Amino acid sequence: MFAAISARKPRGQGAARREEILAAAKRLFLEKGYEQATMRRIAAEVGVSAAALYGYFPDKDTILRAIAEAAFSELLARLEESQRGEAPPLDRFRAGLRAYIAFGLARPEEYRLVFLWRPPAPEHRAGEGGRGGIEDAGRAFAILERSIAALMQAGDLAPGDSLVAAEASWACLHGATALLLDKREHVQTPPGELAEAVVDLVLRGLAA
Numbered sequence: 013m014f015a016a017i018s019a020r021k022p023r024g025q026g027a028a029r030r031e032e033i034l035a036a037a038k039r040l041f042l043e044k045g046y047e048q049a050t051m052r053r054i055a056a057e058v059g060v061s062a063a064a065l066y067g068y069f070p071d072k073d074t075i076l077r078a079i080a081e082a083a084f085s086e087l088l089a090r091l092e093e094s095q096r097g098e099a100p101p102l103d104r105f106r107a108g109l110r111a112y113i114a115f116g117l118a119r120p121e122e123y124r125l126v127f128l129w130r131p132p133a134p135e136h137r138a139g140e141g142g143r144g145g146i147e148d149a150g151r152a153f154a155i156l157e158r159s160i161a162a163l164m165q166a167g168d169l170a171p172g173d174s175l176v177a178a179e180a181s182w183a184c185l186h187g188a189t190a191l192l193l194d195k196r197e198h199v200q201t202p203p204g205e206l207a208e209a210v211v212d213l214v215l216r217g218l219a220a
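Residue numbering for the sequence shown follows my numbering, starting at 13 and increasing by one per position.
I should point out that these hints are in silico values taken from the structure, not numbers from a laboratory.
Remember, it's a predicted structure, so these values are computed and weren't measured experimentally.
Do not rely on the hints blindly, as some may be mistaken.
[To be verified] With a straight-line cut-off of 25 Å between C-alpha atoms, the simulated SDA-like cross-links for lysine to any residue are:
| id | residue 1 | residue 2 |
| --- | --- | --- |
| 1 | K195 | L175 |
| 2 | K44 | E81 |
| 3 | K44 | Q95 |
| 4 | K44 | A190 |
| 5 | K72 | R29 |
[Stated by the list, open to error] What follows is a list of derived Cβ distance ranges for each label pair:
| id | residue 1 | residue 2 | range |
| --- | --- | --- | --- |
| 6 | E43 | A89 | 22 to 30 Å |
| 7 | A209 | D173 | 20 to 28 Å |
| 8 | A180 | A114 | 16 to 24 Å |
Here a beta-carbon is modelled for each residue, glycine too, at the ideal position from N, C-alpha and C.
Model the full assembly from the supplied sequences, consistent with the hints where possible.
Following this line, the structure appears as structure tokens:
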């Protein structure tokens, strides 16, 4: 095994090598499971020694956290982009709901790792930004809650607890995304149509 590893040519250094490690770990986490995806296996998948791998990441939990950070960063960027422009606030809110589902369907592996396959530890949860180094998770959730709070204040949504409304909305979006990713054979409605129906359902549920 070690002879095969040493025979492989280097495929990048620094940032490029780090991305190779994350990609390999992502594949192994999903194919083998977290417990079976050892640091040695990850190193072999990349084509480096275990000692070299430890130079980039001290353990596989740190690797998983890095994957989550990248996923949350992209999700945050998509949500922020959906809020730009001069559209009415309610339309921007709808765009944000759509952007969440679109992200999950566009990045199925990342979504499964972060939200479905292995539940994040308490310090990694999306609603608790700034803890565990995944600040973008909290910022992404804050966009949802702030939007709901502003719409409630403006009278566009029914008054209530914005946190409860945000978490209930997230539950709907997450449920639809998970269903479309891993149980699509049980869904007859086309993905785009189902996503739009879920967004409509959330808006009707929160409507004034």
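Checklist entry - Any of the earlier hints contradicted here, and which numbers? => result Numbers 1 and 3, in rising order.
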